[in-house]
Amino acid sequence: MVQRFVSIWLQYFATDWFSLHQPERKQRPFVLRLPSHGRMIVTAANAQAEQSGISKDMALADARALVPHLDVADDEPEKIQRVLAKLAEWCIRFTPYVALDPPDGLLLDVTGCAHLWGDEERYLSDIVQKISARGYGVRAALADTPGAAWAVARYAAQPGVVPPHQHVSALLPLPPQALRLEPAIAERLHKLGLHRIQQFINLPRASLRKRFGVPLLQQLDRATGQEWEMLVPIRPIEPYQERLPCLEPIVTATGIEIALRQLLETLCLRLQQEQKGMRTAVFKGYRVDGKTEYISIATSRASHQVLHLFKLFELKIASIEPGLGIELFALEAPVVEDLVPAQEKMWEVGGGLNDERLAELVDRLTTKIGSGAIHRYLPAEHYWPERSFTEATSLCEEPATAWRTDGQRPLYLLPVPERIEVTAPIPDYPPMLFRHREKVYKIVKADGPERIEQEWWLQQGQHRDYYRVEDEDGNRYWLFRLGHYHDEIFQWFLHGYFS
Amino acid sequence: MIPQAQVAVIERLRSDILRLEGFASAREVLSAVDLGPLNGAFPNHTFPTAAVHEFISATAEEATAASGFLSGLLSLLMGNTGTVLWITGRTHVFPPALATFGLQPHRFLFLHLTHNKQALWAMEEALKSPALTAVVSELRDISFTESRRLQLAVEQSRVTGFIINRSPKAGTTACVSRWKISSLPSMPIDDLPGIGFPQWRVELLRIRNGKPGAWDVQWRNDRFTYPTESQPPVASDQQPFQQAS
Numbered sequence: 001m002v003q004r005f006v007s008i009w010l011q012y013f014a015t016d017w018f019s020l021h022q023p024e025r026k027q028r029p030f031v032l033r034l035p036s037h038g039r040m041i042v043t044a045a046n047a048q049a050e051q052s053g054i055s056k057d058m059a060l061a062d063a064r065a066l067v068p069h070l071d072v073a074d075d076e077p078e079k080i081q082r083v084l085a086k087l088a089e090w091c092i093r094f095t096p097y098v099a100l101d102p103p104d105g106l107l108l109d110v111t112g113c114a115h116l117w118g119d120e121e122r123y124l125s126d127i128v129q130k131i132s133a134r135g136y137g138v139r140a141a142l143a144d145t146p147g148a149a150w151a152v153a154r155y156a157a158q159p160g161v162v163p164p165h166q167h168v169s170a171l172l173p174l175p176p177q178a179l180r181l182e183p184a185i186a187e188r189l190h191k192l193g194l195h196r197i198q199q200f201i202n203l204p205r206a207s208l209r210k211r212f213g214v215p216l217l218q219q220l221d222r223a224t225g226q227e228w229e230m231l232v233p234i235r236p237i238e239p240y241q242e243r244l245p246c247l248e249p250i251v252t253a254t255g256i257e258i259a260l261r262q263l264l265e266t267l268c269l270r271l272q273q274e275q276k277g278m279r280t281a282v283f284k285g286y287r288v289d290g291k292t293e294y295i296s297i298a299t300s301r302a303s304h305q306v307l308h309l310f311k312l313f314e315l316k317i318a319s320i321e322p323g324l325g326i327e328l329f330a331l332e333a334p335v336v337e338d339l340v341p342a343q344e345k346m347w348e349v350g351g352g353l354n355d356e357r358l359a360e361l362v363d364r365l366t367t368k369i370g371s372g373a374i375h376r377y378l379p380a381e382h383y384w385p386e387r388s389f390t391e392a393t394s395l396c397e398e399p400a401t402a403w404r405t406d407g408q409r410p411l412y413l414l415p416v417p418e419r420i421e422v423t424a425p426i427p428d429y430p431p432m433l434f435r436h437r438e439k440v441y442k443i444v445k446a447d448g449p450e451r452i453e454q455e456w457w458l459q460q461g462q463h464r465d466y467y468r469v470e471d472e473d474g475n476r477y478w479l480f481r482l483g484h485y486h487d488e489i490f491q492w493f494l495h496g497y498f499s
Numbered sequence: 001m002i003p004q005a006q007v008a009v010i011e012r013l014r015s016d017i018l019r020l021e022g023f024a025s026a027r028e029v030l031s032a033v034d035l036g037p038l039n040g041a042f043p044n045h046t047f048p049t050a051a052v053h054e055f056i057s058a059t060a061e062e063a064t065a066a067s068g069f070l071s072g073l074l075s076l077l078m079g080n081t082g083t084v085l086w087i088t089g090r091t092h093v094f095p096p097a098l099a100t101f102g103l104q105p106h107r108f109l110f111l112h113l114t115h116n117k118q119a120l121w122a123m124e125e126a127l128k129s130p131a132l133t134a135v136v137s138e139l140r141d142i143s144f145t146e147s148r149r150l151q152l153a154v155e156q157s158r159v160t161g162f163i164i165n166r167s168p169k170a171g172t173t174a175c176v177s178r179w180k181i182s183s184l185p186s187m188p189i190d191d192l193p194g195i196g197f198p199q200w201r202v203e204l205l206r207i208r209n210g211k212p213g214a215w216d217v218q219w220r221n222d223r224f225t226y227p228t229e230s231q232p233p234v235a236s237d238q239q240p241f242q243q244a245s
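Going down the list, the sequences are from chains F and E.
Numbers 1 to 499, taken from the numbering used here, label the letters of the first sequence in order.
Numbers 1 to 245, taken from the numbering used here, label the letters of the second sequence in order.
It should be emphasised that the hints constitute simulated quantities derived from the structure, not laboratory data.
Positions of the beta carbon are idealized from the N, C-alpha and C atoms, including for glycine.
Careful: at least some of the hints might be erroneous.
[As the list claims (entries may be wrong)] Stretch by stretch, here's where chain E covers chain F in the computed footprint (C-beta under 8 Å, at least three residues):
(1) 352–359
(2) 408–417
(3) 464–474
[Stated by the list, open to error] Label pairs and their calculated CB-CB ranges:
(4) E:ARG140 with F:GLU438: 51 to 57 Å
(5) F:ALA402 with E:SER15: 39 to 45 Å
(6) E:SER143 with F:HIS486: 53 to 59 Å
(7) E:ASP222 with F:GLN491: 33 to 39 Å
(8) E:ARG19 with F:GLU248: 49 to 55 Å
(9) E:ARG19 with F:HIS463: 58 to 64 Å
The following block holds chain F by itself, in its conformation from the complex:
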């Protein structure tokens, strides 16, 4: 059976993509630019710009000299390639075998596909029509080899279907660069007066190799089909999803649990084989009356442990309302991370923050209570008490600096300092007694003051003078005076309890 290939050429792919949201750009000269060696270079130009004499790799200043009102945008090559890959995935509707042909083309192995559209003419016109409906200028050709299809799509006056076994004759009138040659080789061929493929296709191979090297012969063989060309097909990412249809609608909690366990087992087996673990998962139940019930969980580290994930879901199963019954269950893992299995220890050395069971406990707590309740703190390099610690982002994050132990700090700190009334004998002396919530505390011993200044680059405000005081019963408190003693307004606060 003859193999058939389609080459799709999106002639103005980059500029077309930039014009999708601003269609008026198609009507006027529009180029993309990138800096290169200290100047701006045109990386892509649309049809209008090319008519005005602007070409790729031209300096932007030269292009502006040709067209003063040139429309310019910054090129994003990586993004354009991602769009091309997306388009290639979309093309799987035409054939299961789609390969990328960067920077602006696609190659499709369409052997045995065209008859589904009637014939090859209709098939190719459908491809062209559907892609141009998406807003891209497109030229496509169908031939026996990828090389021939590529050449016809780009260099033939009327690209289209090349009937089987006629691809060589279709190649003959085309210029040498249609063979996907290096620009230097194509230029040398032109210099020698070989402007068409038919002029050198029958020359002795030995002399061609001697003058132009092996690549010319290789590309020639590929275009004529004497050498097999391997295409690398794209593989669309398969979503981590499992489905379980039920013979009869499920209404009981036990039934839901069985379905969930079955789905988890299949999905976790796949995750385990791919060395991955899920961070979030959604369990959906499609009800008979058309409504969808769903519960979702999140884990603090990637996991593919059926038992653990089931426990997390178990806390939420009660919130599912089966109504008249659920006929289809689905389990999805939208966020999946790599999970390299750690080597198991011969004996267990008590816990630690890297313990898997600790992460599982945190998951259970956050699933029930909410992610905002659980905290882990790391030291921060600030003297201001409220800023002297920060929240850790993960369980395994290690402190960057040591915890300070030089200053005495209270074990309990009030979230907001509370106002107190104070009697002090002399300015800047520790108070003799203070009143907090209608109770008077007589101070026996005191330490201080310890002045802590506001960090002006973070927050404006007055400094605090902290005193450690002890009352008659031996209870110890952390008090501070906001501002200078001789200021008009100064206030005393209770900020913490020492043990």
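Given the coordinates of chain F, work out where chain E should sit on it, guided by the hints.
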């Protein structure tokens, strides 16, 4: 007078009973917490780990004193690798202060819960996880049934639980011990003015299979010191305690 041979038998039977009740024998405990004169009060002369201890503290001052003594205990329990879950309620623990008790505050997980029911659920769930060294929970109140659930969870996982009971009228619980910690005037350092080393009155009001007592305990240079020997427990206004089980 019991013959010498029978003393050994009685001693062995006594330790068997303790083991059946869930207390580890002194040899089994690898990292025994050494509390000096307090050791004599505990069964087997060993601080009971894998059990739930209750600290009675009605006021914020008492809760802070209990947390201070507790932090000292935790520094003995945790070693270099342990992790602790601390469930706070009305009060907020200031993490940098834990460092003054020789602890690494980043080894603590803090859970802030204002509902007593949620705190109890979280504590039970945490006590089931062997990844933790200890669980500290500030509770508004705890009933006998609830405390028994905690004790059952602990027996499986060998985690030590500490309850800071903020209820002014604490009822009977299934906890292995009941403590009351109150602040004492601090010990001056070399007769200098100002505040010295923290000092607490540690009252062990009830301990299963042990002898209650009261001691003065100081935290000095990263360890407990004991200025006085054991004294009889002070007459307190607490209700009499009956054996829980």
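Quiz item: Is 58 to 64 Å a correct range for the gap between the Cβ atoms of E:ARG19 and F:HIS463?
Solution: holds (59 Å)
Quiz item: Is the hinted range of 49 to 55 Å satisfied by the C-beta distance from E:ARG19 to F:GLU248?
Solution: holds (53 Å)
Quiz item: Holds or violated: 33 to 39 Å for the Cβ distance of E:ASP222 and F:GLN491?
Solution: Since E:ASP222 and F:GLN491 have Cβ atoms about 36 Å apart, the given range 33 to 39 Å holds.
Quiz item: Does 39 to 45 Å hold as the CB distance between F:ALA402 and E:SER15, or does it fail?
Solution: Distance hint for F:ALA402, E:SER15 holds at roughly 44 Å.
Practice problem: With a C-beta cutoff of 8 Å, work out whether three or more residues of the region 408–417 of chain F approach chain E closely enough for the coverage to hold. | Solution: With 8 residues close enough to chain E, the hint holds.
Quiz prompt | CB-CB spacing for F:GLU438 and E:ARG140 relative to the 51 to 57 Å hint | solution = violated (23 Å)
Exercise. Examine the region 464–474 of chain F for residues whose CB is less than 8 Å from any CB of chain E, and state whether their number is three or more.
Key: holds (count 5)
Practice problem: Using the Cβ atoms, figure out if E:SER143 sits within 53 to 59 Å of F:HIS486. | Solution: Since E:SER143 and F:HIS486 have Cβ atoms about 56 Å apart, the given range 53 to 59 Å holds.
Quiz item: Counting residues of the region 352–359 of chain F that have a beta-carbon nearer than 8 Å to any beta-carbon of chain E, does the count reach 3?
Solution: holds (count 6)
Violated hint: 4 only; the structure is consistent with all others.
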